[in-house]
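Student: Chains as they are written, first to last, in the working numbering: chain A, 13 to 150; chain B, 13 to 150; chain C, 13 to 150; chain D, 13 to 150.
These are calculated hints, taken from the structure and not from any lab test.
Because identical chains cannot be distinguished in the list, a pair is counted as satisfied if it fits within a single copy or across any two copies.
Derived lysine-lysine pairs resembling DSS-like cross-links, with alpha carbons at most 25 Å apart:
#1 K44 to K140
#2 K140 to K111
#3 K111 to K95
4 protein chains.
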Amino acid sequence: MDSAQLQAFFRRDRYAAHSGIELVEVTPGYAKARLPLSAVHLNGLDIAHGGAIFTLADFAFAVASNSHGTIAVAINTNLTIMKATRAGTLWAEAREVSKNPRLGNYTVEVRDDAGDLVALFQGLAYRKSEPLPVPPAA
Amino acid sequence: MDSAQLQAFFRRDRYAAHSGIELVEVTPGYAKARLPLSAVHLNGLDIAHGGAIFTLADFAFAVASNSHGTIAVAINTNLTIMKATRAGTLWAEAREVSKNPRLGNYTVEVRDDAGDLVALFQGLAYRKSEPLPVPPAA
Amino acid sequence: MDSAQLQAFFRRDRYAAHSGIELVEVTPGYAKARLPLSAVHLNGLDIAHGGAIFTLADFAFAVASNSHGTIAVAINTNLTIMKATRAGTLWAEAREVSKNPRLGNYTVEVRDDAGDLVALFQGLAYRKSEPLPVPPAA
Amino acid sequence: MDSAQLQAFFRRDRYAAHSGIELVEVTPGYAKARLPLSAVHLNGLDIAHGGAIFTLADFAFAVASNSHGTIAVAINTNLTIMKATRAGTLWAEAREVSKNPRLGNYTVEVRDDAGDLVALFQGLAYRKSEPLPVPPAA
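For reference, chain A alone in the conformation it holds in the complex:
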């Protein structure tokens, strides 16, 4: 599965799209995504919602863990938030830490435009045998 096919598959991710998340890059075991923050991402304290930060990180994790062309589903995630953010763009980079036939581990760093770490995410995925369903060419 090449990068264009992966990008086509992940355009079907409706919650990521609804949240304004964009896939920037994908290579085997790696993904980069971004989220331009707007009022819709804020919580009651006027800072970026933990759910928006998580969804960005989880999306990058999903892309990286499915980048080998077989289905991987999230089974555990751990998120630590270090810095409150109000505006600008959040950037997430997911990197594969380990992988065996059934399990894959990923670390995702979420940074702001200044490059400061906003959140650190660990993701554990269960890897199935079935290939990722490829959408038909447009």
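Once you have looked at the hints, place chains B, C and D on chain A.
Tutor: This is chains B, C and D only, laid out in the frame that chain A set:
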């Protein structure tokens, strides 16, 4: 701070609202919220996105941890997903496990309409001294 | 596999024994263990070491997750510590939250003699197909 | 507080000593420790016990988070185990990811003699204002 004031404050949570999450109940140390699933919550595999499940759980955690009337911010969360869901309503209940002047721990169970456990969430909040900003009465 | 066989198998756990941990009870999906604290369990601040608390919780998790008679290995654990302890006995109870053919989720509560929550532990196990090796009868 | 004072303080960690853990190096925000495995570290399946791996990682985390000379206590830890180990030495390196006056985040990598990742640990510490108690010079 009474329940009506807390509900007014959390109506200001724009990402929860954007995600279709509704606050059902809040009492000191407890909150219940729900998310009626629609196409917008699905990922590329046509199942409810981990980000949507997390945002629901995180919202219930935020309400419960702020229910004492002082600001509490999430510092660590752990989410385990047990069951894939496609439709119906997701229900989250957050319960306070422990609390001291600076830290609060919460467990959130996310269930589907059948009452099956969809995800289990642990949330750790840092408790500040400042009161939660109360929105002016309408 | 009956309770006596499980107890015989877990007597082979040398690090638990070295740490002074005792198995109190095991039924399918459930285990209870205890750790009588002594000087050997303290850290530099003279409080029970996080490693000792974890090892107690992890042991109860291992017993509960292997209680169905097939091998289960820990893949992710999350530990939140709520209370510092110096003396007395720590008690851990592991309960199965969910289980499918490949994965099992467990919550472990660690309490002191007063019944106060000392730590909360989430454990995720990968379940293999092979039976737990039964030690020969004595 | 210099490195010799920190090493003197951590020699008081009795559970680490009981477990055979040795402090190799400490600098501000960083610590390295090792655990030469022996029969005492094995579980019922004859592999290194999760509790032994955790205690090694947690010790490195404790040293790194206390390396600034004020007391830091663990409040949340997340451990993912990637590889079963039976023999040799385990090596843990703790690195500071972020730090503010109240909270510090640390990542610990545990590797075997071949350099393979055995486990990945995230630690969140609550930082107190009091200085670390310095043991009297010998």
